[in-house]
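Undergrad: Here the protein sequences line up with chains E and C, keeping their order.
Counting in my numbering, the first sequence runs from 1 upward without gaps.
Counting in my numbering, the second sequence runs from 1001 upward without gaps.
Hints in this document: simulated from the structure, not taken from any laboratory.
Check before you lean on any hint, since a few could be wrong.
[As the list claims (entries may be wrong)] Output of the computed footprint for chain C on chain E, the stretches with three or more beta carbons under 8 Å from beta carbons of chain C:
{"no.": "1", "region": "1-15"}
{"no.": "2", "region": "86-100"}
{"no.": "3", "region": "113-127"}
[Said to hold, decoys possible] Simulated pairs of lysine-lysine, BS3-like, Cα-Cα distance not exceeding 25 Å:
{"no.": "4", "chain 1": "E", "residue 1": "K15", "chain 2": "C", "residue 2": "K1141"}
{"no.": "5", "chain 1": "C", "residue 1": "K1011", "chain 2": "E", "residue 2": "K15"}
{"no.": "6", "chain 1": "E", "residue 1": "K47", "chain 2": "E", "residue 2": "K100"}
{"no.": "7", "chain 1": "C", "residue 1": "K1030", "chain 2": "E", "residue 2": "K47"}
{"no.": "8", "chain 1": "E", "residue 1": "K15", "chain 2": "E", "residue 2": "K90"}
{"no.": "9", "chain 1": "C", "residue 1": "K1093", "chain 2": "C", "residue 2": "K1146"}
{"no.": "10", "chain 1": "C", "residue 1": "K1141", "chain 2": "E", "residue 2": "K93"}
{"no.": "11", "chain 1": "E", "residue 1": "K93", "chain 2": "E", "residue 2": "K15"}
Ideal placement from N, C-alpha and C gives every residue a C-beta, glycine not left out.
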Amino acid sequence: MRGITPSQTVGPFLKIGLERDELQYLVREDADGAIKILGHVYDGEGKPVPDAMIEIWQANIHGKYAHPDDSSESAIIEGFSGFGRSCTDKDGKFFFVTVKPGRVSGRGNTLQAPHLAVNVFARGMLKHQVTRIYFEDEIESNSEDPILNSIVEKADRNTLLAKISQSEKNNFVYSFDIHLQGEGETVFFEV
Amino acid sequence: MGENFNMADFKEYMRDGQVDHPPALYEDYKSTVLRSPSRKAVRLEHTLSEITGPIYGHGPIREGEDDLSIVEGEEAQGQRIFVSGQVLDENGKAVPNTLIEIWQCNAAGRYRHEVDQHPAPLDPNFVGGGRVVTDDRGSYKFTTIKPGAYPWGNHHNAWRPAHIHFSLFGPAFVTRLITQMYFPGDPLFPFDPIYNSIPNEKARERLISSFDLETTEPDFALSFKFDFVLRGKNSTPFEQENKS
Chain E
1 MRGITPSQTV
11 GPFLKIGLER
21 DELQYLVRED
31 ADGAIKILGH
41 VYDGEGKPVP
51 DAMIEIWQAN
61 IHGKYAHPDD
71 SSESAIIEGF
81 SGFGRSCTDK
91 DGKFFFVTVK
101 PGRVSGRGNT
111 LQAPHLAVNV
121 FARGMLKHQV
131 TRIYFEDEIE
141 SNSEDPILNS
151 IVEKADRNTL
161 LAKISQSEKN
171 NFVYSFDIHL
181 QGEGETVFFE
191 V
Chain C
1001 MGENFNMADF
1011 KEYMRDGQVD
1021 HPPALYEDYK
1031 STVLRSPSRK
1041 AVRLEHTLSE
1051 ITGPIYGHGP
1061 IREGEDDLSI
1071 VEGEEAQGQR
1081 IFVSGQVLDE
1091 NGKAVPNTLI
1101 EIWQCNAAGR
1111 YRHEVDQHPA
1121 PLDPNFVGGG
1131 RVVTDDRGSY
1141 KFTTIKPGAY
1151 PWGNHHNAWR
1161 PAHIHFSLFG
1171 PAFVTRLITQ
1181 MYFPGDPLFP
1191 FDPIYNSIPN
1201 EKARERLISS
1211 FDLETTEPDF
1221 ALSFKFDFVL
1231 RGKNSTPFEQ
1241 ENKS
């Protein structure tokens, strides 16, 4: 087996290579079922992190990933890649315009609740952290999700739930803040 | 809905090699102190969400995105170099058609970025970002300028060894990698906390490119080789009746 290439931090100048504003829009704002996910990244003192980058990976509304290893029979939607990227601004803010994904299978014969897989990068992070975004209004499917259910404390589980915060131009806006450390620390996964 | 997906179809990604990454908290690199989670990450057994990933997520690559040494026909200052190599996985399998993004400072050690206040000259003909997609054999090549070393505020008289930032996707969510490539023989290695945050010395040295005379272009550019190894799949399929 070959030795893996180790990770290093993105450093403070990541935007030179990685910032692409169009990747914040997985769908157009006026698309059917478009939602906005808006959040902030905070450090261990609650200060905003202005040099972070959030990436999301998600299935389409039918629960299908645009990837050859998804052999499910659900339909691919032309033009929906399922990938998004947002670099934080001076207030630590990031956002995505997307759709809520359908449910995809979990391990065994389970079905996962709608979720986005999330990578968090920043200066001061030697390797990115992994988390997930679920949706607070998916009460039934959340209650069946094996990964959410594996998080024992309700307060911890809550760090993975995007909350409905407002409506903007008829789109639901969900808020999802990421706390790298300390009070309200986001649950991160080792994958 | 994905009810019909057969979990026995897929193989998980290996975890063994993950020990070669740096820890979240490495106090010599001061910015990790408030940006590292205080709790242990929760182990997540791979699902379809982890073994798939954004392979079609980038727009088309334009001509010239692989060449950082020229901006609108004008040549950047500094030592022109090629950086090329192959992207493989842990099983030695090539990773074709995967996006690579890079960024770096100029030959004087200055980034074209508002936050960089190092009093070294900016080069009007150098921006410092590039992209390529690997070919069918997982190979890639950039033309650029050898970046300079530069001071930073981590500790008294701190200098970063010359490096190029690399971002790679690979075939799955869990193969995502962002790292830095260094140059052979850099005298700053022993003093750099970012480089030394990797606990295993052998793993650390994997981030050092090698000079390659064969791929230099006479009277034009020197050449450095740098291969990547991304996570690979387990050889045995995932077991359907996993009770974890």
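Undergrad: Are any of the numbered hints broken by this structure? If so, which, sorted upward?
TA: 2, 5, 6, 9 and 10
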